[in-house]
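Novice: What follows is each chain in one-letter form.
Protein chains: 4
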Amino acid sequence: MYSFKNDYSEGAHPRILKALTETNLEQVDGYGEDRYTVKAVELLKHRLKRDDVDIHLFSGGTQTNLTALSAFLRPHEAAVAASTGHILVHETGAVEATGHKVISVEVPDGKLTPKHIREAVESHTDEHMVKPRLVYLSNSTEIGTIYTKSELEKIRQLCLEKKLYLYVDGARLGSALCAAGDALKLSDLPGLADAFYIGGTKNGALIGEALIICREELREDFRFHMKQKGALLAKGKLLGIQFLELFRDDLYFDLARHANAMADLLRKAIGGAGHSFFVDSPSNQIFPIFPNEMISRLQENYSFYIWAQMGGDRSAVRLVTSWATDEAAVRRFIGDLESAGG
Amino acid sequence: MYSFKNDYSEGAHPRILKALTETNLEQVDGYGEDRYTVKAVELLKHRLKRDDVDIHLFSGGTQTNLTALSAFLRPHEAAVAASTGHILVHETGAVEATGHKVISVEVPDGKLTPKHIREAVESHTDEHMVKPRLVYLSNSTEIGTIYTKSELEKIRQLCLEKKLYLYVDGARLGSALCAAGDALKLSDLPGLADAFYIGGTKNGALIGEALIICREELREDFRFHMKQKGALLAKGKLLGIQFLELFRDDLYFDLARHANAMADLLRKAIGGAGHSFFVDSPSNQIFPIFPNEMISRLQENYSFYIWAQMGGDRSAVRLVTSWATDEAAVRRFIGDLESAGG
Amino acid sequence: MYSFKNDYSEGAHPRILKALTETNLEQVDGYGEDRYTVKAVELLKHRLKRDDVDIHLFSGGTQTNLTALSAFLRPHEAAVAASTGHILVHETGAVEATGHKVISVEVPDGKLTPKHIREAVESHTDEHMVKPRLVYLSNSTEIGTIYTKSELEKIRQLCLEKKLYLYVDGARLGSALCAAGDALKLSDLPGLADAFYIGGTKNGALIGEALIICREELREDFRFHMKQKGALLAKGKLLGIQFLELFRDDLYFDLARHANAMADLLRKAIGGAGHSFFVDSPSNQIFPIFPNEMISRLQENYSFYIWAQMGGDRSAVRLVTSWATDEAAVRRFIGDLESAGG
Amino acid sequence: MYSFKNDYSEGAHPRILKALTETNLEQVDGYGEDRYTVKAVELLKHRLKRDDVDIHLFSGGTQTNLTALSAFLRPHEAAVAASTGHILVHETGAVEATGHKVISVEVPDGKLTPKHIREAVESHTDEHMVKPRLVYLSNSTEIGTIYTKSELEKIRQLCLEKKLYLYVDGARLGSALCAAGDALKLSDLPGLADAFYIGGTKNGALIGEALIICREELREDFRFHMKQKGALLAKGKLLGIQFLELFRDDLYFDLARHANAMADLLRKAIGGAGHSFFVDSPSNQIFPIFPNEMISRLQENYSFYIWAQMGGDRSAVRLVTSWATDEAAVRRFIGDLESAGG
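Residue numbers (numbering that gives the first Met the number 0), protein chains in the order written: chain W, 0 to 341; chain Z, 0 to 341; chain Y, 0 to 341; chain X, 0 to 341.
For the record, the hints were derived by calculation from the structure and aren't laboratory data.
Keep in mind that the hints are not guaranteed to be accurate.
[Unchecked claim] Result set (SDA-like, lysine to any residue): computed pairs, CA atoms no more than 20 Å apart in a straight line:
#1 Z:Lys48 to Z:Ser186
#2 W:Lys162 to X:Glu216
#3 X:Lys130 to Z:Ser82
#4 X:Lys4 to Z:His127
#5 Y:Lys148 to Y:Arg46
[What the hints assert, rightly or not] Chain X stretches covered by chain Y per the calculated footprint, using a threshold of three residues with CB under 8 Å from any CB of chain Y:
#6 17 to 27
#7 231 to 239
Every residue gets a Cβ at the ideal spot worked out from N, C-alpha and C, and that includes glycine.
Could you put the whole structure together from the sequences, leaning on the hints where they help?
Specialist: Here's what the structure looks like:
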């Protein structure tokens with residue numbers, strides 16, 4: 000049984016475990032003040048080409064989102080998110096649990112547009128309603144679509160006009176940045192977002208997300224918020240070393256490119272066999288539509304999620320590739336697809 | 000420079016890193032539903048001699064405390080804690096941030112007694128005040144003292160009488176259980192506490208605390224609370240494997256015994272040299288009182304925290320040993336102590 | 000300028016001010032334990048034909064909703080509401096501020112159906128999502144529609160099946176109960192809802208809403224929650240006396256009937272003149288669609304809200320009548336409507 | 000039975016009920032935007048000799064405190080209060096329920112000093128602890144003591160030095176301002192506090208507290224917070240009219256002077272009879288120490304709270320006078336005191 004269920008099935012890139020092992024018994028300071036975390040932060044600033052950002056390392060995405068949003072927003076302020084947004088659907092009300100409403104915007108493809116955001120903001124008119132204050136978007140989105148640089152620039156423009164913070168959930172930022180044809184670079188992000196995070200867990204780390212706070216007014220006292228939410232690890236070195244490994248050369252991007260390449264292989268073979276897709280996603284998640292009978296046969300050897308019933312005895316499934324996806328398994332799947340009636 | 004600052008300066012016991020490395024590329028389920036976590040939970044139940052408890056793995060103590068207390072308490076209910084309690088002093092108001100008051104009880108030695116708890120409860124008389132509902136205690140305490148089995152039984156008795164939950168913060172439970180002369184066993188705890196956690200981070204794990212929920216009414220839907228607080232790691236295997244290693248033989252206790260033995264060495268040498276202690280602590284934290292001048296000299300080669308100014312140009316310092324403390328360093332410290340005027 | 004903007008423009012029914020004046024200097028107990036509040040609670044139980052309910056008096060609807068919902072729900076539990084629901088739209092995120100998500104269900108007429116609720120519940124499948132636990136509905140709804148007894152019974156049935164609490168926001172319950180043709184009686188409600196409130200502010204009181212908690216498990220310690228949310232008035236007699244006056248005879252229903260009768264007058268005249276309505280609402284709020292030019296002319300003498308742009312130079316407006324609406328003003332409006340081109 | 004239990008046993012000053020009755024059927028805007036509230040706010044600004052403050056009317060003290068503090072503080076920030084402070088003891092954790100710790104400072108007389116505050120602030124040193132940000136004090140305090148102008152100026156000075164907001168709970172501000180010998184004037188307060196409230200409920204209003212926000216950065220969007228906490232009354236006129244009556248001449252101060260004069264009568268007679276006091280309180284609350292037997296006899300005709308057991312068969316009791324206290328009852332009490340063995 001090979002799994003295409005998600006991009007966190009495997010552990011960490013071997014270089015990370017090696018680095019952890021080699022430095023294991025060194026005595027270092029706790030709570031993210033160790034030399035490795037300090038170095039990782041410096042390295043990330045260098046990669047972002049910005050000295051004037053604050054960088055904090057977290058162990059997971061939900062934790063990053065809830066800590067950041069609750070630190071950034073005053074009690075009456077709300078976030079605006081696509082209806083598929085992770086904070087709206089899959090974080091058990093983590094943001095609401097810190098007191099803030101998340102305004103849902105119905106979108107077909109997981110992506111917010113300036114028009115959506117404008118409507119959401121302008122329909123909140125007075126103190127009897129929450130005040131939209133932060134735009135939350137995911138790149139890549141929860142359904143694998145990505146934002147182009149120009150789309151982000153337009154959203155940025157609207158955020159400036161409407162005094163909104165722009166926050167980018169980058170759980171799968173690596174895959175988004177490496178998706179074919181996208182001119183968006185990592186170092187563009189501090190100029191576009193007020194805060195964003197670079198996801199490690201889904202791209203080669205054991206655990207770890209790096210939150211970049213770009214806007215000055217959002218930086219003050221941020222470590223207090225981390226501690227209060229249980230996000231300051233005593234052995235913070237665990238996070239620092241991982242980001243050091245991922246970014247001291249192009250490892251982070253190499254891993255994302257591999258995940259994307261594996262998805263490309265699947266996408267082309269599936270499309271070539273005449274199947275259509277639930278959504279056109281250029282990153283490491285794809286959503287082909289298969290006959291139900293064929294799905295059953297595939298499930299004998301592969302695990303993956305069924306995403307939506309499509310009518311006509313067909314369903315959309317989700318196939319996710321990762322930095323660790325085995326090309327041989329992908330080619331086997333493609334072969335089995337053909338013999339399964341594809 | 001050798002550090003006696005805390006018990007989380009080093010990484011994990013090497014067996015843990017080895018196990019992580021060996022299982023690294025296996026595909027497993029996420030969010031704590033992998034085979035290693037399942038096995039670790041079974042093993043812990045076996046060690047606790049109880050099948051009817053729920054066990055959840057967390058990455059840190061503050062996260063464990065805030066998730067458990069906010070899940071257990073209704074909005075008007077409060078926790079009672081010693082004034083030195085970690086949730087009162089060193090968690091940046093994490094429990095209050097979930098909406099609950101923590102009632103502080105002034106104690107000389109970090110330990111609550113039935114008398115303290117009774118007074119705190121009985122002084123809350125009506126709906127204009129919060130309702131004390133949970134007793135929080137740490138074992139060992141934040142200043143290294145420990146509860147005897149009989150002390151815990153008496154507190155338990157009062158909790159039953161007053162309808163209070165008893166919660167034990169076991170960040171340093173290993174050291175407490177292995178402290179000389181204490182008859183308290185790990186398997187006693189489910190009969191004494193409604194919930195408690197077994198600390199891994201400070202006793203050999205990279206990260207990891209195991210929360211044991213013993214009381215049935217507190218178990219329902221607990222994973223929802225974990226997810227909401229950002230405590231469900233996508234790669235939950237990271238936690239499962241660590242507890243498997245720590246408990247598949249006596250490693251957890253061996254490590255705690257080592258930490259205690261190193262503290263014993265220090266305690267005896269320091270006491271033998273005629274120094275007194277701020278508090279009489281039998282676990283891996285000791286608080287000797289030294290002349291300030293001697294402290295300065297020691298700080299040239301050792302790092303540790305100054306705990307309290309004692310008057311007469313003397314201060315109490317905190318020396319913490321861990322599973323990884325080097326006996327040679329301890330002996331060096333003792334030698335330097337003597338030559339430093341001890 | 001006569002106002003049809005809302006049903007809280009005027010003060011209290013004169014009998015209430017008289018009773019307040021007559022009892023003004025009596026010394027009574029505070030915080031809702033005075034003899035008038037005690038008597039009002041007894042009287043309401045009698046009207047509800049139920050001894051086994053708890054009744055608490057509040058000063059406003061938002062306060063009632065946020066106190067009740069935060070007391071009833073555990074942190075991971077959510078409310079389900081129609082997209083037009085007051086808690087979703089017009090309470091500045093008051094429920095979210097207590098930590099709970101409100102799940103929005105898109106409906107055309109302000110009313111939830113069992114089908115809506117079932118879909119909302121069944122799409123929340125595991126601990127990565129909030130757990131729907133309470134159905135919030137308003138009767139009459141925010142757009143003047145009402146639930147029949149049989150509709151409520153069906154919702155009740157589903158709530159039992161799905162272990163959901165049913166909560167009815169009765170800010171305008173008087174008008175709903177008195178709307179022509181509805182067989183729903185006040186004394187039916189304790190058998191249908193787990194908790195509901197009887198709105199006073201919008202039906203003759205100066206301030207005041209009476210929350211009825213019918214389900215036993217929701218009653219415990221409720222006054223703690225009230226105090227914590229700032230809802231226990233020191234001079235609670237102010238609320239008790241009002242409900243005593245409203246319910247010691249049929250005053251509450253007489254007032255609602257007057258409001259409905261005034262709305263009927265408007266509805267018939269407007270319909271008779273050939274105008275259509277945005278929604279078919281049988282209570283004290285109506286939403287006729289007028290040409291914009293006519294609206295401008297009416298606004299010279301009457302104030303009311305424009306509800307929605309309808310295209311074709313027409314808009315829906317909201318006309319609200321109250322217990323205090325002057326029939327002469329209504330007739331003047333009808334006359335002006337005709338001369339304004341109606 | 001005559002009550003000295005508190006200062007909210009009676010209703011409102013008759014002028015208030017008269018004004019409510021006379022304006023009862025006027026149609027006015029809701030939610031505090033009516034002409035009476037607007038006028039009351041202007042009048043209060045005039046009395047405070049400050050145009051640049053924001054004023055908001057609330058229905059109770061707990062509601063005022065919880066709304067203000069949660070609006071002013073970021074999640075990791077805490078309030079500092081005397082251990083007797085109302086928010087610490089008698090508001091059921093209302094401030095904690097909004098997420099903020101209240102740091103308790105043990106004081107003998109209900110009053111904070113710069114020394115207390117400095118110690119509380121300086122013992123919070125890093126991000127593992129909450130950040131003290133607001134000083135909460137009550138004037139008069141919960142045990143009847145008052146702050147002199149010079150004491151407040153010194154606290155103010157420290158707050159400026161330590162970047163703390165100064166918040167004054169004025170539930171009994173009238174009595175404090177009118178206490179004999181105090182040079183503190185109402186118009187001094189905007190120069191001393193960042194925010195404070197003028198209590199109406201305990202000084203002649205039916206309900207009502209006026210919050211004055213003096214510091215500019217605390218004003219923004221304040222009505223959003225009020226709505227979110229359920230504090231915006233639909234019929235806000237109820238509050239506006241009361242403050243108009245209380246401040247359009249010296250009524251507010253006349254009422255406070257009456258309460259103080261009644262307490263003076265009691266204080267002198269009790270002291271003259273040789274009884275001592277639990278605390279030296281110059282305002283409308285006094286705490287004489289009586290033999291228990293005498294207390295029992297007095298309780299046959301008077302109700303009051305027993306405050307503390309003093310040993311030697313004596314207890315401190317609390318006697319509270321109000322704007323409505325009947326001088327004849329006071330004189331009767333004094334007579335009975337003598338015959339009861341005083």
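Novice: Does each hint hold? Answer for all of them.
Specialist: These are the hints, each one checked on the structure:
Taking the CA atoms of Lys48 (chain Z) and Ser186 (chain Z), the gap is near 6 Å; set against the 20 Å cutoff, the hint holds. The hinted pair formed by Lys162 (chain W) and Glu216 (chain X) meets the criterion: a straight-line CA distance of about 17 Å does not exceed 20 Å. Using a Cα cut-off of 20 Å, the hinted pair Lys130 (chain X) and Ser82 (chain Z) holds, with the two alpha carbons roughly 17 Å apart. At most 20 Å may separate the alpha-carbon atoms for a hinted pair to count; Lys4 (chain X) and His127 (chain Z) meet this at roughly 16 Å.
For the proposed pair Lys148 (chain Y) and Arg46 (chain Y), the alpha carbon gap of about 18 Å is at most 20 Å, so the pair holds. Here's how the stretch 17 to 27 of chain X fares: 8 of its residues keep a CB closer than 8 Å to some CB of chain Y, so the rule of at least three is met and the hint holds. Proximity of the stretch 231 to 239 of chain X to chain Y, defined as three or more residues with a beta carbon under 8 Å from a beta carbon of that chain, is established by the 6 residues found.
Taken one by one, the earlier hints all hold for this structure without exception.
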